[in-house]
Amino acid sequence: MNQATFPNTMAEKLLQHYDQYGRKLPWRGEKNLYRIWVSEIMLQQTAVATVIPYYRKFLQELPDVPALYACPEQQLLSLWQGLGYYRRAVQMHQGAKIMVNNYHGLPPEKLDAWLQIPGVGLSTAGAILAIGRNQAHAILDGNVKRVLARLLALESPIEDRQSQLILWKLAKQLTSKERPGDYAQAIMDLGALVCTRTQPKCSLCPWQEHCGAKNYSSPSAYPVRGTKIAKPCRWQICCLLVNTEGKLYVEQRPQHGLLASLWQPPCFDWPDQQSIPSAERVNTHLPPIYQQWLSPPASSLPVVKHAFTHFNIVLYPFLFLVADSPPLVSGKWLAHADRLELPMATLHRKVLKNWDACLKEKN
DNA sequence: AATGCGTGGGC
DNA sequence: TGCCCAAGCAT
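The numbering used here applies: residue 11 is where the first sequence begins, and numbers increase by one.
Calculated directly from the structure, the hints in this document are not laboratory data. Hints are supplied without guarantee of correctness; some may be wrong.
Said to hold, decoys possible - Cut-off 27 Å, straight-line C-alpha distance, at most; resulting in silico cross-link-like pairs (DSSO-like, lysine-lysine): (1) K363 / K257; (2) K360 / K342; (3) K41 / K211; (4) K120 / K257; (5) K67 / K360; (6) K187 / K238; (7) K182 / K107; (8) K182 / K211; (9) K120 / K187; (10) K363 / K238; (11) K107 / K41; (12) K187 / K34; (13) K67 / K107; (14) K34 / K67; (15) K41 / K23; (16) K41 / K182.
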């Protein structure tokens with residue numbers, strides 16, 4: 011469909027709809043760039059309902075750039091715990107450092123400066139300055155992509171470079187020059203409430219008369235997706251080492267990669283997906299130092315299945331009762347009461363939760 | 001350009 | 001239940 015067919019009255023039409031039906035959200039009406047930055051980073055690839063409690067807690071603990079700058083990374087990761095994409099928290103820390111060193115501890119006021127902040131790309135930078143300063147920047151997030159792909163009845167797969175260029179061009183074209191901040195939030199609300207992924211409510215849509223998908227095709231047929239690849243699966247033994255004080259042995263993950271710098275019980279790959287590991291077979295697959303601790307019979311806990319973005323994982327947890335605190339140097343022994351303060355990924359929390367439930371059952 | 005990076009809810 | 005995907009960005 012030719013983009014020239016979209017009249018310049020569309021922004022105003024959407025804004026009228028927004029003024030009446032826009033969502034009330036904790037960050038709506040916010041003009042503080044720091045607070046908008048926090049919301050936009052948390053909302054990357056993350057559902058609104060999930061973000062809200064994290065947003066409130068984060069701002070309560072870290073109300074401004076200097077507070078974020080001064081916050082130890084471990085404490086920051088604890089605030090982020092359970093939200094996912096933990097790199098975002100580290101990047102915000104780096105961003106706060108840049109703001110303290112270069113901008114007197116204040117968030118920048120220009121797009122180019124925001125693009126130098128780690129974790130802030132074109133869409134996030136545009137959103138922050140459009141919403142906070144009413145600067146005329148376009149945004150292009152998942153919601154907007156879906157809305158625009160339907161307007162265009164875009165046939166090329168949404169993730170293709172060609173599609174991205176077309177969508178950015180249209181996003182800029184449609185953005186309101188008068189109220190770009192409200193427009194950015196309006197089109198995201200449209201995607202979240204009306205132009206939804208499944209069962210879009212076209213009869214409520216202020217843009218229905220302009221929509222190629224509605225008028226010439228089927229809205230739910232868009233956006234067109236590329237070919238998907240089957241997710242691989244991994245299997246791991248998860249070792250719960252418990253000493254006589256009832257403390258649990260945990261190790262910190264590497265600083266880079268998956269779940270960077272988070273803590274977990276020691277886990278080891280279990281290459282054989284055919285068999286569920288028995289206590290005996292587990293023994294032979296672990297480093298020798300573990301073998302002396304395997305209290306026969308080792309208690310097995312419920313299997314934990316977890317889906318990451320690019321692979322699935324199955325954890326086989328085993329309980330090891332350790333008579334004395336062993337000479338393991340890389341980790342530490344964690345009391346039950348201190349568990350929540352330590353940043354730990356959801357899949358490992360699942361294991362610990364199951365263990366708690368088993369203990370409760372026995373008592 | 002393609003891949004890595006979490007999690008929870010909807011269907 | 002398994003699959004899809006959300007206010008994307010970095011490498």
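Structure versus earlier hints - violations, ascending order
3, 4, 6, 7 and 10
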